[in-house]
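Participant: Last residue of the sequence shown: 180 in the working numbering, with the numbers rising by one and none dropped.
Just so you know, not all the hints are guaranteed correct.
[To be verified] Here are the simulated PhoX-like pairs of lysine-lysine, each with C-alpha atoms no more than 20 Å apart in a straight line:
1) Lys-100 / Lys-90
2) Lys-180 / Lys-101
3) Lys-180 / Lys-153
4) Lys-151 / Lys-168
Don't read these hints as lab results, they were simulated from the structure.
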Amino acid sequence: MNILALMKRSIFILLILFTSSIYASVPKKDFKLEIIEKVTDENLKDLALKKGVIPKNVSKQEELDKKNTVTLWILQPRDEKINLINFLKKTYKDDGVFIKKPAELYVDEINTVIYNSLNGDFVFGRDKKGVGVIFKTIAIMDGDFDNGENKLKLLKEWFGPEQTKRIKKYFPGKIEKLNK
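Please put together the full structure from these sequences, using the hints given.
Facilitator: Encoded structure:
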């Protein structure tokens, strides 16, 4: 996937996550995203510190315990993020769902989604939704979430009719790919 397509998809995932009931809400204001081509773990951590999403002194366990999975994701080193994605993939596999793309790809894409959301001043919900929802959303949009069902049907069930219309509008090739 080329860089422009990756950036475009990252922005679209943000729009879906923050305009649906799947995740959090977008503030009622205009926003402009500054997109960078590849988000490293350090880029993400620096922005999260700047925005106050993670505490400056991460040794305060009680502060971390109050944070959601997105905050914890930001603090994790890359190898632990890869291990987490591999664990999620294994958990899905145990339930009969196969996700084939490498964990490293998902780490990069999750970093990009979180970075762009922080850069756009989105507020993450403090509930159970977080990295797992972002991971599953990316896998479904890529057609990599294989539970034996029709991938287009799965996309429609996950996103609902309104978000599916947006996907069709902005990513017509994706719908064709999922239809196969």
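Participant: Determine for every hint whether it applies to the structure shown.
Facilitator: The hints, checked one at a time:
Among the hinted pairs, Lys-100 with Lys-90 is consistent with the structure: their alpha-carbon atoms are about 11 Å apart, no more than 20 Å. Distance check on the hinted pair: Lys-180 and Lys-101 sit about 18 Å apart at the alpha-carbon level, within 20 Å; holds. Under the criterion of a C-alpha separation no larger than 20 Å, the hint pairing Lys-180 with Lys-153 is consistent with the structure, at around 12 Å. A distance of roughly 14 Å separates the Cα atoms of Lys-151 and Lys-168; the hinted pair therefore holds under the 20 Å criterion.
In this structure, every one of the numbered hints holds.
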